[in-house]
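Mind docking chain B on chain A? Use the hints.
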Amino acid sequence: MPAATVSVGIDPVPDLSIDALEKSYGTVRALRGMTFDVRAGEIFGFVGANGAGKSTTMRIVLGVLASDAGEVRWDGHPIDAPVRHRIGYMPEERGLYPRMKVGEQLVYLARLHGLDPAAARRAMEHWTDVLGIAERRGDEVLKLSLGNQQRVQLAAALVHSPDLLVLDEPFSGLDPLAVDVMSGVLREQAARGVPVMFSSHQLELVERLCDRVGIVRAGQAVAVGTIEELRRTERPRWVVEGPADGWAAAVPGVRVVEQDGTRTVVEVDGVPDGDQALLRAALAAGPVHAFGPDRPSLVDLYRDVVATDDVGQAHDSRPEEAHA
Amino acid sequence: MSTTTTGPSGSVPLSSGRAIRLVAGREVRTRLQSKAFVWTTVAFVAVIVLGGVVLNLVTSSGTQAKAVGVLSDVAAVAPALEASATAVGQQVETRTFDDRAAGEAAVRDGEVVALVAAVSPSLEVVVKQTPDQQLAPAFGALAQQLALTSAVEQLGGDPAQVAQQVATAVPTTTSLEPAPETDAAQVVAGIVAGILLFVSIMTAGQLVAQGVVEEKSSRVVELLLATVRPWQLMAGKVLGIGLIGLLQVVLIVAAGAGTAFGLGLVETSSLDLGATALWSLVWFVVGFATYAVVLAGLAALVSRQEDVGAVVAPVTTVMIVPYVVGISIAPYAPDNPLVAWLSYVPFCAPMVMPIRIALGAVEPWQALLSVGLSVALIPLLVWFAGRVYSRGVLRSGGRMKLSEALRGA
Chain A
7 MPAATVSVGI
17 DPVPDLSIDA
27 LEKSYGTVRA
37 LRGMTFDVRA
47 GEIFGFVGAN
57 GAGKSTTMRI
67 VLGVLASDAG
77 EVRWDGHPID
87 APVRHRIGYM
97 PEERGLYPRM
107 KVGEQLVYLA
117 RLHGLDPAAA
127 RRAMEHWTDV
137 LGIAERRGDE
147 VLKLSLGNQQ
157 RVQLAAALVH
167 SPDLLVLDEP
177 FSGLDPLAVD
187 VMSGVLREQA
197 ARGVPVMFSS
207 HQLELVERLC
217 DRVGIVRAGQ
227 AVAVGTIEEL
237 RRTERPRWVV
247 EGPADGWAAA
257 VPGVRVVEQD
267 GTRTVVEVDG
277 VPDGDQALLR
287 AALAAGPVHA
297 FGPDRPSLVD
307 LYRDVVATDD
317 VGQAHDSRPE
327 EAHA
Chain B
32 MSTTTTGPSG
42 SVPLSSGRAI
52 RLVAGREVRT
62 RLQSKAFVWT
72 TVAFVAVIVL
82 GGVVLNLVTS
92 SGTQAKAVGV
102 LSDVAAVAPA
112 LEASATAVGQ
122 QVETRTFDDR
132 AAGEAAVRDG
142 EVVALVAAVS
152 PSLEVVVKQT
162 PDQQLAPAFG
172 ALAQQLALTS
182 AVEQLGGDPA
192 QVAQQVATAV
202 PTTTSLEPAP
212 ETDAAQVVAG
222 IVAGILLFVS
232 IMTAGQLVAQ
242 GVVEEKSSRV
252 VELLLATVRP
262 WQLMAGKVLG
272 IGLIGLLQVV
282 LIVAAGAGTA
292 FGLGLVETSS
302 LDLGATALWS
312 LVWFVVGFAT
322 YAVVLAGLAA
332 LVSRQEDVGA
342 VVAPVTTVMI
352 VPYVVGISIA
362 PYAPDNPLVA
372 WLSYVPFCAP
382 MVMPIRIALG
392 AVEPWQALLS
402 VGLSVALIPL
412 LVWFAGRVYS
422 RGVLRSGGRM
432 KLSEALRGA
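Going down the list, the protein sequences come from chains A and B.
Yeah, the first sequence ends on 330 if you go by my numbering, and it's all consecutive.
Yeah, the second sequence ends on 440 if you go by my numbering, and it's all consecutive.
Isolated chain A, as found in the complex (with noise of 0.2 Å):
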C-alpha cells in the first residue's frame, strides 16, 4: 500500500521522476520547472486547467514530445527507448486506426511494444475479455461505439503489460459502467505495483481514486501529495455548529472565514492549542452541536490553489511543493 507515502520529502528510490521539465511553443512556456514524482504501486491523479501543462508533460515522458530542458528518469536513470516501450499510453486525443480490426489492431501494437506474435495474441485476448470487447475482435474500430472505442483505447495501452501507465484524460467520455471498469483497471495494475498517472477534471473521481494528486497551474506542479497532505495548512480550518455570530471573533489568533447562521468557520493561525481555546469560547456563547477539522475536498483544494494569481505567493505552506 502507498501509506509510505505519509512521509514528505525526498523518496530515496522514485520510480518515476520528473525533473525540473521546460518546455515553449514558440513564446508560449507550456512548462516552467514541472516537478514530481510517481511511486512505484501508486495511482497518482494529475489535474489542472486545460492547457497548464499535463499532455506536455505525459508526452514529454513518452518521447513524443523532447523538453527544452530538465530530465525524466525512471529508477533514478534518465529514461531511454526500452524503458519507454515499457509505458502504456493512451493520449489524450484518442488515435487507433479506424479501419484496422480491433484484434489485429491490438496485436499490431502490442508487437511494436516488443511482444512476439504468439504473446501478442494472447494478451490481446486477455484484455479484449476483462474490457468487455472480445465479440468485437474481428471489427473494424470505427464500427465501434464511442465507450467501444475507449475500451479499445484502454485494452492498446495495456496490452503489452506495462510497467508504468500513463493515461491523459482517460475517464472523459466514458459512461458511469465504463468508468468503473476504468476504475477497477487502474487499481488492478497499481496493485501490481504499477506506477500509474492519469490526468482527469473529475477531481471527486481523483480524490477518490488517487493515492496521491499533483495539482498544476502554469506549466508548474503548485502542489503534490497525497489529499491529506494538500489539507495540512499551517492556518487549520474548523467549523462550529453552535452559537450564532459575534463569538469567535474575540479568540486569540482566530479570524472568522465564513459566518452562516449557526455554522461558523474559522481560521486558527499557529497558536498552540488554539482549537481547544476555540472550543471553550465556543461553549461558553451557547451549545455547540458540532466541532471539528474543515476538510476541503479536492475541488475546495484545487480553486484554493489555482485561483491564487501570483505563481510562487501563497501556496507556499503546501507540503511537497514544486520550486516557485
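Among the hints, a few may not be true.
[Claimed, not checked] Calculated lysine to aspartate or glutamate pairs in the DMTMM-like style (CA-CA distance at most 20 Å, straight line):
#	chain 1	residue 1	chain 2	residue 2
1	B	159	B	129
2	B	66	A	110
3	B	66	A	145
4	B	97	B	142
5	B	432	B	394
6	B	432	B	303
7	A	107	B	245
8	B	66	A	146
9	A	149	A	194
10	A	149	B	245
11	B	159	B	140
12	B	159	B	184
Calculated directly from the structure, the hints in this document are not laboratory data.
The following block gives chain B in isolation, referenced to the frame of chain A:
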C-alpha cells in the same frame, strides 16, 4: 540500445530493423486485404492481356491477303503480281475469272479489290472507285515490270534473266547519322512501359501520402511514436507500400511480357522483351523511392485528408512533365535531345529512360549511369523527408510551412 529491459511478459525492446519490418508488414497486409487493391491489380492485368490480344488481332488483320481478280487469259501475271505486292508489304490472293463481265461484277460486289483485265499493250486494272492505296504501288511496279519485259523481248534479251538482275540490285547505303531501328512492337512496349511506370509510381506515391495523413488525422501516430521513432515509421511505410507496388508492377509486367511472348507479338521485332521488363522493375523501385520519400515528408505537413492534394500537387506536376515528354516524343524519337537529357535527370529518368530502353536506344552503360544518378540523389531526399516528417508528423491543426519544418522545432 545497449540496455535491455525484459518486461513481465517477455517483451524486448524493438531493434530498428524489427520496427521497420513490423510497420512495413502492416502496410502490406492492409493493402492485400483491401478489395480496391486486389481489383485494380486484376483490372490492370486484364487490360494488359486483353490489349495484347486485341493488338494481335489488329496487326494480323492488317496483313490479311487482299483478293485481286485476274482474267483467265492473263492468268500468267498472277505470280508477278503477288511478288510485287509482297515487295510493298502486302499480301495478295488472286482469283481467276473467265470473262470480263464476271470479273467486273466481282469488283462491284467488293469480292475482289481490283481486276487485272489486260497486260498488253499496257496493264489495265479495273477498280470500283479508286485504286486500293496499299496496292497501288504494287500495280505500279507490275506495270513497270511488264513494260520492261516487253522492251527486253523486243531487244532480243531474256526477260527472266533481266528480271533476276533487277531484283537482286540493291543500293549500298552509307548512313551518316544512323537512327536506331525501331519497330512497332518497340514503340508499343515503350509507351506501355512509360504509362505503367507513371501510373504505378503515382499511385504508390499517393498511397504513401494518404497513409501518412491517415495516421496523423486519426491520431494513431501519437500512439505509434511512443514506441517507434519517426524515421522508422516513415521507412516502414515507404518500404511496405513500395513492396506492394512492386508486386503489382511485377504482376503487370509479367502479364504483359507473357502475353506478348505467348501470342508471338514480338517474334519479328528487335524488342528485347526481357531487358525491357527487368529495367521497368528497376525503374519502378528507383522512381518510387525518389517520389515516395518526398511525398511522405510533404504529407506530414498537413493533418487532414482534404489537404493531401495541396501538398502533393507540386510533386505530381513535376512527374507529369517528363511523363508527357516521354510518352509523346520518346517512342518515336528516342534520341531527341530533350528526351535524351531528361532520361538522365533524377525525377524524370524513371518515366523517360524505360521508354528509351524499350526502343533499344541506349547502351547498357547509359542505362546504368542514369540509374546511378537517380540512386545517388535518394540519400539526400531521405534526409530531407526524414527531417520534414519528424517535425511535421506530430503537429496537428493547420498546414505547416515547409520552411518551418526544415528550419527546426
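Structure-based check of all given hints:
1. Only pairs whose Cα atoms come within 20 Å are accepted, and residue 159 (chain B) paired with residue 129 (chain B) is accepted, the gap being roughly 19 Å.
2. Between residue 66 (chain B) and residue 110 (chain A) the alpha-carbon distance is near 18 Å, which keeps this suggested pair within the 20 Å criterion.
3. Between residue 66 (chain B) and residue 145 (chain A) the CA atoms are separated by roughly 16 Å; this keeps the pair inside 20 Å, and the hint holds.
4. Of the supplied pair hints, the one linking residue 97 (chain B) and residue 142 (chain B) holds, its CA atoms being roughly 10 Å apart against a limit of 20 Å.
5. For the proposed pair residue 432 (chain B) and residue 394 (chain B), the alpha carbon gap of about 43 Å is over 20 Å, so the pair is violated.
6. A threshold of 20 Å between alpha carbons decides the hint, and for residue 432 (chain B) with residue 303 (chain B) the separation of about 47 Å lies outside it, so the pair is violated.
7. Between the alpha carbons of residue 107 (chain A) and residue 245 (chain B) the distance comes to roughly 15 Å, so the proposed pair stays at or under 20 Å and holds.
8. Distance check on the hinted pair: residue 66 (chain B) and residue 146 (chain A) sit about 15 Å apart at the alpha-carbon level, within 20 Å; holds.
9. Taken as a hint, the residue 149 (chain A) and residue 194 (chain A) pair is broken in the structure, with Cα atoms around 29 Å apart against an allowance of 20 Å.
10. Taken as a hint, the residue 149 (chain A) and residue 245 (chain B) pair is honoured in the structure, with Cα atoms around 17 Å apart against an allowance of 20 Å.
11. Taking the CA atoms of residue 159 (chain B) and residue 140 (chain B), the gap is near 9 Å; set against the 20 Å cutoff, the hint holds.
12. Annotation: proposed proximity of residue 159 (chain B) to residue 184 (chain B) is violated, straight-line Cα distance about 33 Å (limit 20 Å).
When the structure is compared with the earlier hints, violations turn up for hints 5, 6, 9 and 12 and for no others.
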